[in-house]
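Could you build the full structure based on these sequences and the hints that come with them?
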Amino acid sequence: MSDATVGQVKPAPVRFRFDRWAPALLLLAAVTIYVVACLATGQTQYLNWNNLLAVLGRSIALGITAIGQTFVILVASIDLSVASLISAVTVVASVIMNGNPAMIVPAIGAALVMGGLVGLINGLIVTRLDVNPLIATLGMSLVIQGCLSAFVSNFAGAVPPEFQFFAYGNLLGFPFAILFFFALALLAFFALRFTRFGSNVYAVGGNQDAARFAGISTEKVIIAAHVICSLCATVAGLYLASRLRSGAPWIGANGVYDLESIAVVVIGGTVLAGGRGGIWGTVAGVMIFSLIDSIFNVLGVDAFVKQVLRGIIIVAAVAFYAVRTKRIVA
Amino acid sequence: MTETPVIEMKGIGKRFPGVVALHDVGFACQRGEVHALVGENGAGKSTLIKILSGVYQPDDGDVLVEGKPVRFRHPVDALAAGISVIYQEFSLLPERTVTQNIFLGREITRNWMLDDAAMRVETQRVLDMFGAGSRIDPDALVSELDVASQQMVEIAKALSLNARVLVMDEPTAALNESECRELFEIVDKLRDHGTAVIYITHRMREVTRLADRVTVLKDGEVAARFASVPEPSAIVHAMVGRDIADFYAPFATPDEIGATVLSVQGGGNSALRNIDFELKAGEILGFAGIQGAGRVALAMAMFGARPFDTGTMTLAGETVHFTHPRQAIRAGIGLLPGDRKGEGLTLMQSVRDNGMLTPRAFGSLVGSHKKNGFIDLAGMDALLDRMEVKAASYEQDIKFLSGGNQQKAIVARWLALKPKVLIFIEPTRGIDVNAKAGIYHLMRDLARAGAGIIMISSDLPEVIGAADRILVMREGTIVAAHTAGASETAIMLDATGEQEVAA
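Taken in order, these protein sequences are the chains called W and Y. Numbering-wise (our numbering), the first sequence opens with residue 133 and increments by one. Numbering-wise (our numbering), the second sequence opens with residue 115 and increments by one.
It is worth saying that the hints were derived from the structure and are not from the lab. For every residue, glycine included, the Cβ atom is placed at its ideal position computed from N, Cα and C. Keep in mind that a hint or two might mislead.
Covered by chain W, per the in silico footprint, the following chain Y stretches (three or more residues, Cβ under 8 Å) [to be verified]:
#1 201-209
#2 411-418
Label-pair distances were calculated between CB atoms; the ranges are [to be verified]:
#3 Y/VAL169 - W/LEU303: 52 to 62 Å
#4 W/LEU256 - Y/THR223: 23 to 33 Å
#5 W/LEU266 - Y/LEU491: 33 to 43 Å
#6 W/PHE322 - Y/ARG319: 51 to 61 Å
#7 Y/THR424 - W/VAL263: 53 to 63 Å
Written as structure tokens, this is what we have:
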């Protein structure tokens, strides 16, 4: 059989798969509501480019964390230790820097080593000791937070102005942090879609036994996903240190980065059972989250009511998928 | 036979703590041969296959590929040697495409990037090899395919690995009639290609249709070897170790049949129309028909899960209309679902808890878990004893029991409520031959005790052998009635609607 005869593969049929586009639809709905809210209340000053960047800018830390969380959820694991890790990173990085620009690189290095270790330990506990990831990472979270609280209770260290570029700097007319976030998302997308590692991530999350019988070292894939997740949380911590100009042991818990990162991943269409979803969904989820906040601000909704509405919106979004796709969701 | 067999197993022995699973088992398969491996559940077929595929290591004996002894330490070793196994539970990823599944774990890459185009071309080539190319789109998600197509994807996966030996473990278990025929054609094509096919089944029809040689396993040993396909009865005799004369229970005698216990007149809903029938106490009423003819829909309507919209149903003389299974159960109807694991059992709980499930659900909300208005734990144990449920203890998780014993535990659950009508859906699916006989006799005992039994089964010989009366359904309604021992042909003609044309 020559290549000429077998090469006639019919082109991939264009097929609309609702669940793949649902995050985009939700995002569109959120944008529409935002615009309508601004117009209806006459606050058209919020409808410009700078304000859009500001809306995005508020969610950088959450977005970076959620990119990592997407990897662990795709392999059917989960990471509850990201919030504590973020707090620890801000403190460690800013204490090491202590206002000295020469210490920026060592501080980043130390933070990444710490994050990588946390991810490695999470991954090892989940795979080798067979502990449910919910429990394993919850334990890790308590350990990190406990160690941190033993040493510091409020702002610690100082971040030199050079490092504040991460949060406040501009590049090519855009805030550097936003460019960084999208570059990271692009990298993650590339890894998931175009590499064997990404293919293995979906295989392990979809059916661990099938993956193992196909010769994939499932444990290594799960550990790698946890390391990636912790490294993303580390980067989010570095960003927050840069933004706060100091380290704060409460910043992770305050931002609820553990639960919110899971929430945006799920809103983005990634299934908690693993094996289905992707980075662009998560990016859409992050944007939806910050738009919801902006809508509430525009409408002047009370802070507590806001919380209630956010809870309802998360559940409603997941139910929206479940009803429309008639498949197991989250 | 001078050719070296592509795969041979010699003197294989395997012991697990407390049991000898396999003892001195051997068989060989040539290129282009379909070798049927038959035996009851628990005869050692799956252990043998797991040794062949590298999941288990044998304690004694050798596996030879092309005459050379090999040792598989991991399933991947067996795959590399050209041995692929298609298990009953597919190892496919539903959310990935056909191509992605076929290249799982061995994706083609170019410059560190997945080469989607090359993989799609290869997938199409393999699918075309056995004529599935027009049916399956390489870019379709596996979850969008029907079961038969999913199986073809598994076969394509094996072929793309250049499998010399393909093991198929009860491949027709989830297929309907026409899908079975398609599968048989594919097996024929594989044989023509020179693939050695090891075909595991306990359906005689498939053995006679496909096999070149037959090996029968019983209790972990080779009970018989046939160099050509013998009479089915010879195989069954070797498998069961007894004749099938007493396989089915005797039919009901006229004086065992009592008054009408349940009747439906003009019943209908979105899946059913003009349902008219009567069920008498003491009889087993069989429902035959092809998949989707409405038999399960009828059961669900009687059970209140998907109620009738029209018509009347009477139970023990009273007109009833159930809109929820709880009402039906309270009135005396029990149902044994076709999907035992999915709908019938709480797998992680004990045998006893599974037996107590329904009695507890209908006991008082604040009562004891040990006894309720229907039965207590001792009574449940006695019931399980009486039905000869084989378990290490009734405290054992029910997931460890064989299908037949699980089915008996579900029957025990209903017996505690003393139902007037019991509906069995596919009561012997996935159950081995001896246990099947046990279920038939159990159904007969229940009928003799005065219950009306409805039996819905896609296994036509079983309906003919076990039911006193057979109703045939087609397109949502009852089209014919047959008495005990009707011919298979007559029922199939009714079920498929060919009769009008033939007559």
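Taking the hints in turn, this is what the structure says about them:
no. : hint                            : in the structure
1   : 201-209                         : holds (count 5)
2   : 411-418                         : violated (count 0)
3   : Y/VAL169 - W/LEU303: 52 to 62 Å : 55 Å, holds
4   : W/LEU256 - Y/THR223: 23 to 33 Å : 28 Å, holds
5   : W/LEU266 - Y/LEU491: 33 to 43 Å : 35 Å, holds
6   : W/PHE322 - Y/ARG319: 51 to 61 Å : 52 Å, holds
7   : Y/THR424 - W/VAL263: 53 to 63 Å : 56 Å, holds
Hint check: a violation occurs at hint 2 only; the rest are consistent with the structure.
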